[in-house]
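Engineer: Which chain is which? The protein sequence lines are A and B, in order.
Each residue of the first sequence is one higher than the one before, counting from 8 in this note's numbering.
Each residue of the second sequence is one higher than the one before, counting from 8 in this note's numbering.
Bear in mind the hints are in silico, worked out from the structure with no lab data behind them.
Treat the hints with caution; some may be incorrect.
No copy is singled out in the list; a pair is fine if it fits within one copy or between any two copies.
[Said to hold, decoys possible] Only pairs whose alpha carbons sit at most 20 Å apart, straight line, appear in this in silico SDA-like list of lysine to any residue:
no.	residue 1	residue 2
1	Lys98	Glu228
2	Lys37	Ser246
3	Lys50	Ser84
4	Lys37	Gly77
Number of protein chains: 2
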Amino acid sequence: MSARRRPLGLSDSVQAASIAHRFYVRGESKLEIAEAFGLSRFKVARILDTARETGLVRVEFDLPAPLDPGLCDELRSAYGLEQALVLERAKHRETRPELRRRIGALAARLLAETATRDDVIGLSWARSVNVMTEQIDTLPRCPIVQLCGVQAGMDMRDRSVETVSRLARVSGGEAYPIFAPLVLPDRRTTETLRRQPGIAETFGQFRNLTKAVVSIGAWQENESTVYDSLSPAERDAISKRGAKAEVAARLFDADGNALSTGLAHHVLAISHEELRQVPEVIALGYTRPKAEAIDAVLRSGMVSTLITDADAARDALALAAKRP
Amino acid sequence: MSARRRPLGLSDSVQAASIAHRFYVRGESKLEIAEAFGLSRFKVARILDTARETGLVRVEFDLPAPLDPGLCDELRSAYGLEQALVLERAKHRETRPELRRRIGALAARLLAETATRDDVIGLSWARSVNVMTEQIDTLPRCPIVQLCGVQAGMDMRDRSVETVSRLARVSGGEAYPIFAPLVLPDRRTTETLRRQPGIAETFGQFRNLTKAVVSIGAWQENESTVYDSLSPAERDAISKRGAKAEVAARLFDADGNALSTGLAHHVLAISHEELRQVPEVIALGYTRPKAEAIDAVLRSGMVSTLITDADAARDALALAAKRP
DNA sequence: TCGTAAAGTGCTCAGATGAGCAAGGAAAGT
DNA sequence: ACTTTCCTTGCTCATCTGAGCACTTTACGA
């Protein structure tokens, strides 16, 4: 592995390449090749080994999207995910909206491909989820359920509602929106709204969900719209409880445990428990600052598919390696 | 093989790529992979097969020269060569001198790499051989023997002699030149010159040769300097005898049989027999019009290593397939 | 010249693998 | 509905392959 060999002569390279061509491209057995070249099968095996070690033969992947197959697999197995999609780092420096767009496009393709007529699809409020819906053009006819209230503010107003209805329009299925804010001033208001006809109906759909697309937020400035919308006092109180990540306004500590804080009582959103019951949860989380949050949420075992970028994936893997 | 499969979904692609990554890059066994993914080993094997068939995984070769490994191997085995070096087709249209330069560079590297102190190296007269010597900068100390007289005319005068002495200078070994024309007016003159001290000495070296670098000419206008130097009458007479190729002024028919014509008696060159005795003959032949000649010479069994370009190689392979 | 280290080579045997087959299941035609 | 066909899946058994070892050759310094 670490043993650097000299780069191999021209003649040997050609022989090695010919052998590699027969083995990898034409799929011949080493025994056949050995006979054809008048070598022992052991020599053929060693030539193939050194050919790979020296980089004479390289295996390239032509994925239908710019993904890093190595990271996909490592992340998948490190956290026991069903699947991980890791975007390759872009050639040039990429702005956050550009990255978000690529993440969203990936999620769109995944959802369009895996969704069936029998699915009930939930969407959490998030810019990336919204970007995803903008990029889906076909979807089987199935209900689309909003998983949490609308986080107003920022540069987009009631886009969450729009997100659900947009996707329902593409799908042709029914839309279950939540026409109410995500974070409310107090518990009473929250419970009142929770029992409103339309909202109650949507909440009732939560137990039917078969798929959910959610975004992972980190419990720090600019890395979670929920965090950003709270008062400094409440943010810090929650931080002190050990919150590291947020999904649909539900909090997780560094070990992926559901964290129940005061916040839980004044947000309109699917509960930890209900979300955990969803068979397929697709989580979007990207950029390095979110690595710790991604690690936390994946540890919860709630996520089946993660979509992220190579930088965040590497950081998360490092965290996964630290504490298995 | 011919069964075109649909391009595989995103999800499947990622799984296939992950499996391929583990198998090809990390070198895990299919059984291990099957366990890790919860699949049968058969399924893993099939996934790998389709991944290759659909082009999802591609094997790339980083040869130290722009060679086509597939063609190298096909040509090598089609004609039972020791080795074949096939230059990839250049990206842009390439002029003949450019191609010649690349062929020469390849021959130079091959010779520099394989020649040892014990070799006796023969060079035939040819532009490509000359270009080769211009690009060699190191060579073990060994004798350099000129294989045939000088074909004057064209754009280069006595370059053959220069070729031999240039290479001898690089090598530090002795030079055995032939200071006489390749084609002579009659048999008597030829035999007289043949017995001249310096020339006889060079001819005496022919039986000691261990390596020879020769160029393949096609028996047609502009594809052989010997052809071009003869009178129309003699050219045609030789054509009628079935000559297809020429190496050091020695002729071959389409089946690679040595052809003995009147020409044989008035050229100063190594004989068919002596050339056949050389353990390692490196033949340079390039451009499509020479494909038939290359095929003919390779059929003679005289050549151990061929250096050519992708276009000529493909044409030659087609000819080889026609008559095994 | 020799001795020693280092690299290269082929062997054994247990374990991995491929070819071909047969069973099951889905899709399409009647 | 029923049959037919096609596709997928996992099995068996004969073959292929890798890990480790022992032997040979080469390289190099004493």
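Engineer: Should Lys37 paired with Ser246 be assigned to within, between, both, or neither, using CA atoms and 20 Å as the limit?
Structural biologist: So Lys37 and Ser246 fail the 20 Å test inside a copy (59 Å) and across (46 Å) alike.
Engineer: Cα distance capped at 20 Å. Does Lys37 pair with Gly77 within a copy, between copies, both, or neither?
Structural biologist: between (26 Å within a copy, 17 Å between copies)
Engineer: Is it within, between, both or neither when you check Lys50 against Ser84 at 20 Å Cα-Cα?
Structural biologist: between (33 Å within a copy, 19 Å between copies)
Engineer: I want to check one pair: Lys98 and Glu228. Are their C-alpha atoms no more than 20 Å apart within a copy, between two copies, both, or neither?
Structural biologist: Answer is neither: 28 Å inside a copy and 51 Å across each miss the 20 Å cutoff.
Hint violations for this structure: numbers 1, 2, all remaining hints satisfied.
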